[in-house]
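In this text, residue positions in the sequence shown follow the numbering used here: the first is 769, and each later residue adds one.
Think of the hints as simulated: they come from the structure by calculation, not from any bench.
Don't take each hint at face value.
[As the list claims (entries may be wrong)] Label-pair ranges, simulated between beta-carbon atoms: (1) Gly836 - Ser802: 58 to 64 Å; (2) Ser802 - Met778: 36 to 42 Å; (3) Phe801 - Ala860: 22 to 28 Å; (4) Thr807 - Asn832: 57 to 63 Å; (5) Asn832 - Arg811: 58 to 64 Å; (6) Thr806 - Glu826: 49 to 55 Å; (7) Val808 - Val788: 25 to 31 Å; (8) Ala800 - Gly856: 17 to 23 Å; (9) Thr806 - Glu829: 22 to 28 Å; (10) Ile805 - Leu835: 28 to 34 Å; (11) Ala785 - Lys849: 25 to 31 Å.
[Claimed, not checked] Capping the alpha-carbon separation at 20 Å, the derived lysine to aspartate or glutamate pairs in EDC-like fashion look like this: (12) Lys849 - Glu826; (13) Lys849 - Asp837; (14) Lys849 - Asp804.
Glycine is no exception: its CB is placed at the ideal position from the N, C-alpha and C atoms.
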Amino acid sequence: MDSISRRRLMTVLAGSALGVGASLASTQPAMAFSQDITTVRLRALHQNACGATASHRELVEEVNQTLGDMPLQERQAVIAKLTCPICGCPLAGLF
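Go ahead and model the full structure; you've got the sequences and the hints to work with.
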């Protein structure tokens, strides 16, 4: 096994320390798993791109018929928690 010279060892350690220091000094948070707040405009763009607004309204009507005996506020609370099983769009705001 070859021995490592002192100069080589110090160079590797200094390079490693600089790499670790640079990564720790970064001021931006990691963006891989960030969440954005949905704006009204973004939601409208998503609904237009989805193209399933008519089927979403049909789903809301079906849920309203199923929950017919329930008070209006409770039905709206249930619908607000639902999402489309096909595209995942929220059904809130369609009642």
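Status of the hints after comparison with the structure:
1. Gly836 - Ser802: 58 to 64 Å: violated (41 Å)
2. Ser802 - Met778: 36 to 42 Å: holds (39 Å)
3. Phe801 - Ala860: 22 to 28 Å: holds (24 Å)
4. Thr807 - Asn832: 57 to 63 Å: Violated, at about 28 Å.
5. Asn832 - Arg811: 58 to 64 Å: violated (21 Å)
6. Thr806 - Glu826: 49 to 55 Å: violated (23 Å)
7. Val808 - Val788: 25 to 31 Å: violated (44 Å)
8. Ala800 - Gly856: 17 to 23 Å: Holds - the Cβ-Cβ distance for Ala800 and Gly856, about 20 Å, lies within 17 to 23 Å.
9. Thr806 - Glu829: 22 to 28 Å: Given range 22 to 28 Å: holds, Cβ gap about 24 Å.
10. Ile805 - Leu835: 28 to 34 Å: holds (30 Å)
11. Ala785 - Lys849: 25 to 31 Å: violated (51 Å)
12. Lys849 - Glu826: holds (16 Å)
13. Lys849 - Asp837: holds (19 Å)
14. Lys849 - Asp804: holds (19 Å)
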